[in-house]
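Numbering (my numbering), first residue to last: 2 to 343.
Quick caveat, the hints were computed from the structure, so don't treat them as lab data.
Please note that a few of the clues may not be correct.
[Unchecked claim] In silico DSS-like cross-links for lysine-lysine, where the CA-CA straight-line distance does not exceed 27 Å:
| # | residue 1 | residue 2 |
| --- | --- | --- |
| 1 | 270 | 238 |
| 2 | 238 | 268 |
| 3 | 83 | 97 |
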Amino acid sequence: MYDQLYYLKNKDTYVYENKTAADVIRMIAEDFQLNVGTLEDTGHTIASRVEDNQTLFEERYCPDVAERKYREHLKDKGPDLKIGHDYAFVEFVERKIIDEQFSPGAVLAVIREGQQFDTNICESTLYNYIYRGDVFLELTPEHLHEKGRRRYEQGWQKRAAKPPRGESIEHRPAEIKERNTFGHWELDSVMGTVGSNRALLVLTERLTRAGIILAVPDHTSASVVRALNGLERRFGKNFYRIFKSITVDNGCEFSDFEGMEKSCRRKGKRTRVYYCHPYAPHERGSNENMNRIIRRFFPKGTNFDEVAISDIRKAERWINSYPRKVLGWKSSEALMREYLAA
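Generate the whole structure from the sequences, applying the supplied hints.
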């Protein structure tokens with residue numbers, strides 16, 4: 002009916018009284034032998050009106066109507082949903098993404114590992130269903146992880162006022178940069194809200210992306226050295242093959258490179274420490290990514306003085322058991338076990 006009236010440009014004269022808008026449309030449609038569907042009756046009655054030699058319907062552009070018709074056209078144009086009536090699949094996807102903070106790709110990886118559903122779709126299709134807005138009951142694009150990735154300029158570094166006291170990343174072996182060998186870590190700290198004391202030390206293994214989160218009482222170099230001492234005692238003799246090198250930034254908490262390298266269990270060094278260029282976070286890319294994941298559990302402004310150690314351990318377990326695309330949808334924990342067993 003809309004399209005028929007849309008193109009009705011005839012001019013005519015009509016005189017009517019005590020008619021609703023729906024009555025007027027039916028009257029004109031009958032005269033021009035047009036089909037009329039269901040018309041909503043607003044209840045408003047036009048007392049009397051004379052239309053002398055007027056265009057019966059004027060063509061107007063309505064952006065809201067145009068957008069709605071465009072969206073409806075896209076939906077009508079596409080194929081039937083591949084999930085059909087697989088409600089178990091829909092519920093599983095919603096719970097994994099909303100409650101467990103999985104990405105769509107990670108959910109599908111878990112399903113391929115042994116979950117049985119009638120539905121078999123690819124990652125891009127699942128993203129499309131989420132963005133459609135009419136497939137899932139609760140799941141929306143707002144539940145997804147950050148979609149844009151931060152890009153850091155590589156090949157440019159701002160020179161520091163004075164070079165680090167320790168070894169520069171420029172002297173780090175090339176094999177570490179290529180991520181071909183196990184046992185090379187990145188280290189950073191995550192601060193709490195202003196006025197709090199406790200902070201988190203975050204270690205990320207470059208090859209497996211395995212993470213270790215350590216709570217330290219303050220943001221000082223002495224606390225960093227004590228944390229590494231505790232880590233060395235915890236791993237014992239295995240520490241030296243697991244932690245072959247550690248790459249840090251130029252923060253004041255990492256200024257005691259001698260203390261970080263010195264073993265507390267034997268004579269000599271326990272690891273090698275390398276310092277990034279100033280203002281070059283891409284040189285600790287895995288560490289930066291892990292910090293962003295940690296912020297999902299502990300947003301900026303969190304007072305770590307009030308966070309239980311059990312909650313920190315829970316976040317660490319989630320990160321290490323999460324299947325990652327960069328690892329072929331394996332978890333860091335699984336890869337770590339493989340390298341430790343080798």
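Against the structure, the hints:
1. Between residue 270 and residue 238 the CA atoms are separated by roughly 13 Å; this keeps the pair inside 27 Å, and the hint holds.
2. Between residue 238 and residue 268 the CA atoms are separated by roughly 13 Å; this keeps the pair inside 27 Å, and the hint holds.
3. Taken as a hint, the residue 83 and residue 97 pair is honoured in the structure, with Cα atoms around 19 Å apart against an allowance of 27 Å.
Hint compliance for this structure: no hint is broken.
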